[in-house]
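Participant: Starting from the known structure of chain A, fit chain B onto it as the hints suggest.
Each chain, written out:
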Amino acid sequence: MSESLLELRNVSIRYRTGRGHVSAVEDVSLQVPTGASIGLVGESGSGKSTLALALMRLLPQNAEVTGEMIFAGENLVTKTESQLSKGWRWRKLAMVFQKSLAAMSPVHRIGQQMEDVLTIHEPHLTKPEREQRLHDVLTSVRLPNRVLRAYPFELSGGMMQRSMIALGLLCNPPFLIFDEATTALDVITQTQILKEIERLKAEYNLTTIVISHDVGVINAVTDTVAVLYAGQLMEVAPRETFFSNPQHPYSQALISSVPRLRGEKTRLAGIPGSLPDLTNPPQGCRFAPRCPHATEGCLAVTPPLVEVAPGHLVRCTDIPLREVVA
Amino acid sequence: MSEAPLIVADELQCLFTVRRGPVEFIRGKASRIHAVDTVSFTLERAEILALVGESGCGKSTVGRMLVKMEEPTAGALTFAGETVNALSGARLKEFRRRAQMIFQNPFEAFDPRLTIGTSLQQAMQIHNIGKDQHDRLQRIVTVMERSGLTPAEDFLSRYPHELSGGQSQRIATVRVMLLSPEFVVADEPVSMLDVSVRADILNQLLDLRDELDMGIVFITHDLAVARYIADRIAVMYLGMFVEVGPAEEILANPRHPYSQALLSNTLPAGDEDRITEPMPIGGEVPTPVDIQPGCRFANRCPFAFDRCFKETPILQAHGGKTEVACHLLG
Numbered sequence: 001m002s003e004s005l006l007e008l009r010n011v012s013i014r015y016r017t018g019r020g021h022v023s024a025v026e027d028v029s030l031q032v033p034t035g036a037s038i039g040l041v042g043e044s045g046s047g048k049s050t051l052a053l054a055l056m057r058l059l060p061q062n063a064e065v066t067g068e069m070i071f072a073g074e075n076l077v078t079k080t081e082s083q084l085s086k087g088w089r090w091r092k093l094a095m096v097f098q099k100s101l102a103a104m105s106p107v108h109r110i111g112q113q114m115e116d117v118l119t120i121h122e123p124h125l126t127k128p129e130r131e132q133r134l135h136d137v138l139t140s141v142r143l144p145n146r147v148l149r150a151y152p153f154e155l156s157g158g159m160m161q162r163s164m165i166a167l168g169l170l171c172n173p174p175f176l177i178f179d180e181a182t183t184a185l186d187v188i189t190q191t192q193i194l195k196e197i198e199r200l201k202a203e204y205n206l207t208t209i210v211i212s213h214d215v216g217v218i219n220a221v222t223d224t225v226a227v228l229y230a231g232q233l234m235e236v237a238p239r240e241t242f243f244s245n246p247q248h249p250y251s252q253a254l255i256s257s258v259p260r261l262r263g264e265k266t267r268l269a270g271i272p273g274s275l276p277d278l279t280n281p282p283q284g285c286r287f288a289p290r291c292p293h294a295t296e297g298c299l300a301v302t303p304p305l306v307e308v309a310p311g312h313l314v315r316c317t318d319i320p321l322r323e324v325v326a
Numbered sequence: 001m002s003e004a005p006l007i008v009a010d011e012l013q014c015l016f017t018v019r020r021g022p023v024e025f026i027r028g029k030a031s032r033i034h035a036v037d038t039v040s041f042t043l044e045r046a047e048i049l050a051l052v053g054e055s056g057c058g059k060s061t062v063g064r065m066l067v068k069m070e071e072p073t074a075g076a077l078t079f080a081g082e083t084v085n086a087l088s089g090a091r092l093k094e095f096r097r098r099a100q101m102i103f104q105n106p107f108e109a110f111d112p113r114l115t116i117g118t119s120l121q122q123a124m125q126i127h128n129i130g131k132d133q134h135d136r137l138q139r140i141v142t143v144m145e146r147s148g149l150t151p152a153e154d155f156l157s158r159y160p161h162e163l164s165g166g167q168s169q170r171i172a173t174v175r176v177m178l179l180s181p182e183f184v185v186a187d188e189p190v191s192m193l194d195v196s197v198r199a200d201i202l203n204q205l206l207d208l209r210d211e212l213d214m215g216i217v218f219i220t221h222d223l224a225v226a227r228y229i230a231d232r233i234a235v236m237y238l239g240m241f242v243e244v245g246p247a248e249e250i251l252a253n254p255r256h257p258y259s260q261a262l263l264s265n266t267l268p269a270g271d272e273d274r275i276t277e278p279m280p281i282g283g284e285v286p287t288p289v290d291i292q293p294g295c296r297f298a299n300r301c302p303f304a305f306d307r308c309f310k311e312t313p314i315l316q317a318h319g320g321k322t323e324v325a326c327h328l329l330g
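As you go down the protein sequences, you meet chains A and B in turn.
Residues in the first sequence are numbered from 1 upward in steps of one, following the working numbering.
Residues in the second sequence are numbered from 1 upward in steps of one, following the working numbering.
This is chain B alone, in the form it adopts within the complex:
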């Protein structure tokens, strides 16, 4: 069973229906937002895949589908050999323990009326971890101290608002660790934190991967963070993967014009980081309503030609391990 890849996403699609205005409402005509459109990938154990893209590109929706917080409109998701779409009852509950999520805003990840201790214990209680309350507390304290939250007792009686952003995010990670999941989706876990704390949280996730062979899907808009944490990077634009491959390969040689734009517009934290002039890209990410065929990046792409507006490019390898969806590459 451990032979099967941890996650196999097969043509996942997620459409949201919007009704616009009274006329459409009465006629029952609805527009559809293509939040995620046919995304396929596999994730092995102990592998970290970074989903990179601008806001609104569907990276969070992919993350939410992977932990079954959002139902795909079409496509199949397999988790360690099991089809996730069909899970129910005890198997679903077990899946809920094995696949965890860390959210962007640590202040909203905890019930404001419960102490940290209660919140952490609840998670363990629901999944029948630990013999009794004493045992659970013991485990919580051990994990917290290992994550540098010392003295742990000090934090247990606090309420979420009494913590700093970094502390909350660390505790959110502790909550995940207590359940020893096999798969974690981390949705921009460091974007709201100060740089000094960021490094800690990233290192914590890397350690978790090493200790527990955990597979991680890491969602970020920051290519430098993606490079630091991930083995592979998937660049998303308007609900589709435009380029997927080993992190170093994509950073050294982005092939898709959008990846190139993203990389060249990332601000370097030192002069030696800057290699190319920022590629000017007009406009902003549109909302993917009622998508027409053709490349979704075509209207902003400086290299677009006829074919880009007629035919949707598909992901394929063009030498090397990186797969790119672009007509420019043939």
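Only chain A is shown next, with the shape it has when bound in the complex:
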């Protein structure tokens, strides 16, 4: 296994609010090897986007991050704002946001906005070099050059999403986060964009984190799946294992509450209840109040994340501890 480009060590994120501290992400440790594609899956409010924004260090002022986020040997948590804007954001880590239309300025042309990114982050480039770069990056996401002269509202959803991906690739970063990048798109466009992502990953040798609540998307573009629930990592597994043999009750419920295209039609189960109040998270396993297999022990102590097979980690007391790797 190649070395990790990114390693999260005991990352916790809390928001200070008027009602107290909201524990949005709790003790997440995760290895992202170079060239990997990690899928972060979970319901809304599970902390997926908070974690992504923390990596970009774009969290609002009232957020507190503890733990370490080691990216290429350096800790992102302790970087200052000026260090981050010189040579980190866009250059090393970039992000493709969900609402592409809201992520761009509505009153500037797309070309102008892209060029601004280059002017700020790569000031050594000359004007013709910048134009060349814009042209190259648009070609690689298969957009015509006229997009540069367009305003965001003039483009369709698919084209906007491609522009956002182009923007993410602009400074040629080794690491790219896709936060629900295809959620608002129609099925055919979505498949096209996911294919592009696959191709670009190879072309740019990208390491990616793909955030989605849709297990179909996760299935299409990731090699490892990390399940987040109420800020806790519940299961980390290779993609095939996650879909064929999910171990955590929450992962099982997530997969089985999606209607299928084939096979026998059975009544969908869903997951009763809702996310716990994170200003006052339950003791023990955060999924326990909704878990069909929960025992009293689950409500008392947080189970550790245990490696049940190589590369397969599960946080559940109910798992028979098979082949525990120390």
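Please note that the accuracy of each hint is not assured.
[Claimed, not checked] Distance ranges between label pairs, derived from CB positions:
#1 B:E162 / A:E64: 24 to 34 angstroms
#2 B:R146 / A:V77: 43 to 53 angstroms
#3 A:E129 / B:E249: 51 to 61 angstroms
#4 A:N10 / B:R113: 43 to 53 angstroms
#5 B:L212 / A:K99: 36 to 46 angstroms
#6 A:N205 / B:R307: 43 to 53 angstroms
#7 B:A252 / A:K99: 32 to 42 angstroms
#8 A:Q83 / B:K29: 22 to 32 angstroms
#9 A:N280 / B:R113: 21 to 31 angstroms
[Stated by the list, open to error] Covered by chain B, according to a simulated footprint, are these stretches of chain A (three or more residues, beta-carbon under 8 angstroms):
#10 96 to 107
#11 166 to 174
#12 254 to 267
#13 270 to 276
#14 297 to 308
[As the list claims (entries may be wrong)] Per the computed footprint, the stretches of chain B lying under chain A, defined by three or more beta-carbons under 8 angstroms from a beta-carbon of chain A, are:
#15 196 to 207
#16 258 to 270
Hint data in this document are derived by calculation from the structure and do not stem from the laboratory.
For every residue, glycine included, the Cβ atom is placed at its ideal position computed from N, Cα and C.
Facilitator: Just chain B now, with coordinates in the frame of chain A:
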């Protein structure tokens, strides 16, 4: 009277007029968007029909016409034997109770300044359901608790912004149930919800159908959801039905190239779901302005030939119960 099908849509058409630019404005020349073009179908009681298609294909417009929120430009709509176009006065009000709609965005379905209790009571008051306020509250509480919203009293005093998406959508469904309608249009009711809540809302609709013999038109872009909930599926493209038939038949063997494209591009939630490679389809759904004759899918269809650009195909059965509008099938 109960012999008549619940809904008969006969060549419904809905055109929107757009004026483009000052020159056209002065000359009074207008372009027309063919949002829905000659859609015909029947819906029986206790039947669920799913309208499937990409955004902009006119599926919501069909839904809105069915509950008389949009007037068809041409065509006739019959509801339980009555012509809907001509309804007025008391009969129209009665229709408004019998035909309900559930919207995609549950946060916009309630007045933000009214508590949930007030909103629910208003709906009943307008249709003279329940003897007095006490009786109405009683009914609301019963229905809410049956839908898993417990304790119901807790929700009644809340405002819409204090609810999660799943809760709001469940309450929207409760509001519909309180009026005991015979027909419901559900416009993407689960697309904004988490998967864990989705299953609940879908099951709730299936139960309603079973209990009240309700006919449902379910609008969705997700074929897997359509398969789960519907008896029949109608695939729409640019305002027309391109394929209509039993849900299982369409999923097992889509005949229209667009249905094939849609199905093969739907992301499988597990490897056993995937059977074919995604069919590559170029371009995006165009806006149906000033439509020319010919198949509307022709310019994106990988199998299109001369005839497709000249002659509009009509829906017809080619063996089996499924009707397809495609020249490839003869």
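Participant: Go through the numbered hints given earlier and state which of them the structure violates, listing their numbers in rising order.
Facilitator: When the structure is compared with the hints, numbers 8, 10, 11, 14 turn out to be violated.
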